Amino acid sequence: MHFKKKSYAFVRRSQVLEKRERNLGWFLVLPSIVIISALIIYPIIYNLLLSFFDVRMAGGNLFTGFRNYLDIIGDHEFWRSVWTSLIYVFFTTIGTTLVGLVVALLMNREFPFRGLVRSLILLPYVAPVIAVVYSWQFIFDPVNGIFMHISYDKLHLFSQRINLVRSPETSIFVAVLFGVWKNFPFSYLMILSGLQSIDKGLYEAAEIDGCSKWEKFRYITFPEIYFLMGSIILLRAIWNFNKFEEVYLLTQNVKVLPVYTYLKAFTGIMDIGHGAAIAVIQFVLLIGFILVYVKRVLKW
Amino acid sequence: MVEKNRLVDKIIFFLLVLLVVFFAVFPFVQMISTSLKYQWDWGNPSLIPRKINIEAYKELLNIGQEEKNVPESVITLLKENDQLSKAQKKAILDKFKSTGDIFPFFRYFANSMILSFSSAFISVAIAILGAYSFSRVRYRGRGLIQRGVLLVYMFGPILLLIPLYTISAKLGLISTSAGAFTTLMLIYMVLTLPVSLYMLGNYFRTIPFSIEESAMIEGCSRFGTIWRIVIPLSLSAIFTVFIYSFMIAWNEYLFASVFLKSFSDLNTLPLGLRQLFVSKNAIWDRIMAASMLSALPVIILFMTIQKQLAGGITAGGVKE
Chain R
1 MHFKKKSYAF VRRSQVLEKR ERNLGWFLVL PSIVIISALI IYPIIYNLLL SFFDVRMAGG
61 NLFTGFRNYL DIIGDHEFWR SVWTSLIYVF FTTIGTTLVG LVVALLMNRE FPFRGLVRSL
121 ILLPYVAPVI AVVYSWQFIF DPVNGIFMHI SYDKLHLFSQ RINLVRSPET SIFVAVLFGV
181 WKNFPFSYLM ILSGLQSIDK GLYEAAEIDG CSKWEKFRYI TFPEIYFLMG SIILLRAIWN
241 FNKFEEVYLL TQNVKVLPVY TYLKAFTGIM DIGHGAAIAV IQFVLLIGFI LVYVKRVLKW
Chain C
1001 MVEKNRLVDK IIFFLLVLLV VFFAVFPFVQ MISTSLKYQW DWGNPSLIPR KINIEAYKEL
1061 LNIGQEEKNV PESVITLLKE NDQLSKAQKK AILDKFKSTG DIFPFFRYFA NSMILSFSSA
1121 FISVAIAILG AYSFSRVRYR GRGLIQRGVL LVYMFGPILL LIPLYTISAK LGLISTSAGA
1181 FTTLMLIYMV LTLPVSLYML GNYFRTIPFS IEESAMIEGC SRFGTIWRIV IPLSLSAIFT
1241 VFIYSFMIAW NEYLFASVFL KSFSDLNTLP LGLRQLFVSK NAIWDRIMAA SMLSALPVII
1301 LFMTIQKQLA GGITAGGVKE
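Order-wise, the sequence lines are chains R and C. Sequential numbering of the first sequence, starting at 1, is according to this note's numbering. Sequential numbering of the second sequence, starting at 1001, is according to this note's numbering.
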């Protein structure tokens, strides 16, 4: 009897402790939740609402139903920018992943000055976009740039000096190259961390079996990092799809979806309602892509 | 034969490494090179300037610009005229002086500094508490919140920009300069908060809980253990996260361009640089020097925390 009473008190005490623990947990995380809800969750819901209105900065908004959406779906420029976005995301994602993989394989070996090399190749990722776009523009400058100097003067690849950044047909390639340059360090770091976690014993066993380098990569390295690569590609695709600065500041001619949205909402007649609707469509497209990708590639 | 193969292998390997370094660093080298060249030297493909020109840097940093724009005739007039008082002479000279209007580097620098420092500081302070809750306190709903924070990774800046701009415009926040600046600071803070939460949470998990336990047995409160044990033990991680948040805010262009559009006094470095580029003062050496000056603080900061930052990025907590 005495024993039972004691255990009851023990349970009571542990419940009190549990409650105190829970309160503490919520208390500590509350500031983060409040700020994220107020400045991210609420605005996104508000954006969904805005997309059904004709937004006026002075005075009330006018409810227009699906008008904004219908306008956009009927707009040729919108479809062109969807296409531009697809090309941009596809090539930048593949590019960053391939370059990242090669660089990770290189950096996984020991060599002199490896520390210095590793920190130098992270520079593109950390430098401000605005500070590096002009250097790229200079490289491709038709009059002074080194690119035209080599490809036109030396190799005669072009019939005249052309502005690759300005001309509508070629600017997307420059944008893709710039995107790969800016973001390959991210992919490289992630892949390298994956490579370093592979059991060295597997390679030793393969060597004993007389496997070639390619076979080691194909049958050990690649399967080990397949899912990591899959996740990196997904992350990069999401981020590249949302890229604004890296495209807009480099060239005005590559109108990917975020740039198209920005131009609609913040320049000219500032059509916030249409901008909001495009942002929603963009988000839905992204979710659709993620769902398909997760099912097909990551096989969740 | 095997020896020879090894040598070829080694040479190919080093060539590849060299190529990668070249690819990564070339635009920076080009930037420095052009910023130091005279106009007649731009078309020269060599990266080494024929003659070093530091005029662009002097101009941007406002060094030795006082007498440059004063016409010769005015100077002789002032020298020969004794009737004017010293104050009057100075007033006349001031009219001609260049006040660094092309690119007021120090003002932009100060604005960027205040914005980035305060947003990163608040973000890290809030994230320490939140991350401690994620990694140490057990309660229901914890996993849900953690995953919710990750979801923020999917929202692009444009999706947030439109509603945030509309809301702050309707609340009248962006009609005053102080309001616009504070709003922008809050936005930078929330953009970096998920990163800080995630990176710090991952780090706190690596601190053995037994240290905290023994402190609590000695009678330390939960807050006491955060203050006296968790924070001192993770100072380097906290510093890394702070620098990371600082860099995100320092590099940001889009939100600043919309929120500070009508307050040119409050412009940040990226905005100033953009304006310089589209203005009539845009010449290559000046732009490259300004680019260099904007990138330099970030590059220096990066070099100081380079090792930890690389670890932080792979710890899975990095958003762009």
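Everything labelled a hint here was simulated from the structure, so no lab data went into it. Since the structure is predicted, the reported quantities are computational estimates derived from the model, not experimental observations. Just to be clear, a hint being listed does not mean it is correct.
[Unchecked claim] Per label pair, the in silico range of CB-to-CB distance:
| # | chain 1 | residue 1 | chain 2 | residue 2 | range |
| --- | --- | --- | --- | --- | --- |
| 1 | R | I45 | C | N1281 | 39 to 47 Å |
| 2 | R | P31 | C | L1151 | 14 to 22 Å |
| 3 | R | N23 | C | G1143 | 16 to 24 Å |
| 4 | R | R12 | C | R1138 | 14 to 22 Å |
| 5 | C | A1087 | R | S37 | 40 to 48 Å |
[As the list claims (entries may be wrong)] Footprint (simulated), chain C over chain R, 3 or more residues, beta carbon under 8 Å:
| # | stretch |
| --- | --- |
| 6 | 28–39 |
| 7 | 119–126 |
| 8 | 144–156 |
[To be verified] Dumping the calculated DSS-like pairs for lysine-lysine here, alpha-carbon to alpha-carbon at most 30 Å:
| # | chain 1 | residue 1 | chain 2 | residue 2 |
| --- | --- | --- | --- | --- |
| 9 | R | K216 | C | K1058 |
| 10 | C | K1261 | C | K1051 |
| 11 | R | K213 | C | K1010 |
| 12 | C | K1086 | C | K1058 |
Where is the CB? At the ideal position from N, CA and C, for every residue including glycine.
Status of the hints after comparison with the structure:
1. R:I45 <-> C:N1281: 39 to 47 Å: holds (44 Å)
2. R:P31 <-> C:L1151: 14 to 22 Å: At roughly 19 Å between Cβ atoms, C:L1151 and R:P31 fall inside 14 to 22 Å, so the hint holds.
3. R:N23 <-> C:G1143: 16 to 24 Å: holds (18 Å)
4. R:R12 <-> C:R1138: 14 to 22 Å: holds (19 Å)
5. C:A1087 <-> R:S37: 40 to 48 Å: Given a distance of about 58 Å, which is not inside 40 to 48 Å, the answer is violated.
6. 28–39: Result for this restraint: holds, n = 8.
7. 119–126: Holds, because 7 residues of the stretch 119–126 of chain R bring their Cβ atoms closer than 8 Å to Cβ atoms of chain C.
8. 144–156: holds (count 4)
9. R:K216 <-> C:K1058: violated (56 Å)
10. C:K1261 <-> C:K1051: violated (39 Å)
11. R:K213 <-> C:K1010: Holds, at roughly 14 Å.
12. C:K1086 <-> C:K1058: Measuring from Cα to Cα gives roughly 27 Å; hence the hint holds.
Hint compliance for this structure: hints 5, 9, 10 are not met, and every other hint is.
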